[in-house]
Amino acid sequence: DGGITQSPKYLFRKEGQNVTLSCEQNLNHDAMYWYRQDPGQGLRLIYYSQIVNDFQKGDIAEGYSVSREKKESFPLTVTSAQKNPTAFYLCASQNLRTYAQQNTEAFFGQGTRLTVV
Amino acid sequence: GQQVMQIPQYQHVQEGEDFTTYCNSSTTLSNIQWYKQRPGGHPVFLIQLVKSGEVKKQKRLTFQFGEAKKNSSLHITATQTTDVGTYFCAGLLSGTYKYIFGTGTRLKVLA
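Heads up: the sequence lines are chains A and B, in that order. With this note's numbering applied, the first sequence covers 1 to 117. With this note's numbering applied, the second sequence covers 1001 to 1111.
If you are wondering where the hints come from, they were derived from the structure by calculation, not from laboratory data. Mixed in with the good hints there might be a few duds.
Unchecked claim - A few chain A residues that face chain B, going by a derived Cβ cut-off under 10 Å, partial list only: (1) 37; (2) 43; (3) 96; (4) 107.
Unchecked claim - To list a few chain B residues with every Cβ distance to chain A over 10 Å, as calculated: (5) 1015; (6) 1017; (7) 1081; (8) 1083; (9) 1099; (10) 1106.
Said to hold, decoys possible - Rough simulated footprint, nothing fancy, chain A against chain B, three-plus residues with beta-carbon under 8 Å: (11) 1050 to 1063; (12) 1089 to 1098.
No experiment lies behind these values; they were computed from the predicted model shown. Cβ coordinates follow ideal geometry from the N, Cα and C atoms, glycine included.
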């Protein structure tokens, strides 16, 4: 099945630790995104990448890092510099270079719920 | 910076009542998409609007894109408990490949 997979589903982090969230897609999408969602809130963009080996900061990039070494993979590292990392993290991919803006919907992973203990 | 605001932030309705959420952008959009996120789930694509003034329907859901391509609305007729969730719009900034998600409207339907 084609799709986008995030792992793990639940993650616990001790204060001061770095953790990495995985995001893999087999949809052949160029663009990939990381969003943070706090309870009852909207989606805030952390980082996005439109092509391999390139990525841009979103609105809340501080305390996070990403890499895009392969088209299929866009891992997110939550560093110890992120002071309030407890949240729901969503990865998405999207095909942007299409004819007449067709088939450009974003596909989201199931999310990773990160808790600091 | 570019922003996409949605109103209302929350809406509680009785089952059978109608519901509307509005999406407003500070800049012109190439297209707008709508997503639904069920409680505990992830956003799922509903529809995309591209043309100025476009209206699309999906059963009880009606989507509109404004003439100036800066605003959009989602109207649900006769809500059902299965409509519960958060509805997000996402606008593609003109001349870019960047989508901006709206702040979302959380809908609760009381049986």
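Now the hints, each set against the structure:
Against a cut-off of 10 Å between C-beta atoms, the interface hint on residue 37 of chain A holds, since the closest Cβ of chain B lies about 9 Å away. At its closest, the beta carbon of residue 43 of chain A sits 5 Å from a beta carbon of chain B; the interface hint therefore holds under the 10 Å criterion. A distance limit of 10 Å between C-beta atoms decides the matter here; for residue 96 of chain A the minimum to chain B is near 4 Å, and the interface restraint holds. The interface hint given for residue 107 of chain A holds, since its Cβ lies 8 Å from the closest Cβ of chain B, which is under the 10 Å cut-off.
Once the 10 Å rule is applied to beta carbons, residue 1015 of chain B is consistent with being away from chain A; the minimum gap is 22 Å. The beta carbon of residue 1017 of chain B is kept farther than 10 Å from every beta carbon of chain A, the shortest such distance being approximately 22 Å. No beta-carbon of chain A comes within 10 Å of the beta-carbon of residue 1081 of chain B; the shortest separation is about 19 Å. For residue 1083 of chain B, the requirement that its beta carbon stay farther than 10 Å from each beta carbon of chain A is met, with the minimum near 18 Å.
Its beta-carbon lying about 7 Å from the closest one in chain A, residue 1099 of chain B breaks the requirement of being farther than 10 Å from that chain. Non-interface status of residue 1106 of chain B relative to chain A is broken: a Cβ of that chain comes within 10 Å, the nearest being about 7 Å off. Here's how the stretch 1050 to 1063 of chain B fares: 1 of its residues keep a CB closer than 8 Å to some CB of chain A, so the rule of at least three is not met and the hint is violated. Under the rule that three or more residues need a Cβ within less than 8 Å of chain A, the assignment of the stretch 1089 to 1098 of chain B holds, with 4 such residues.
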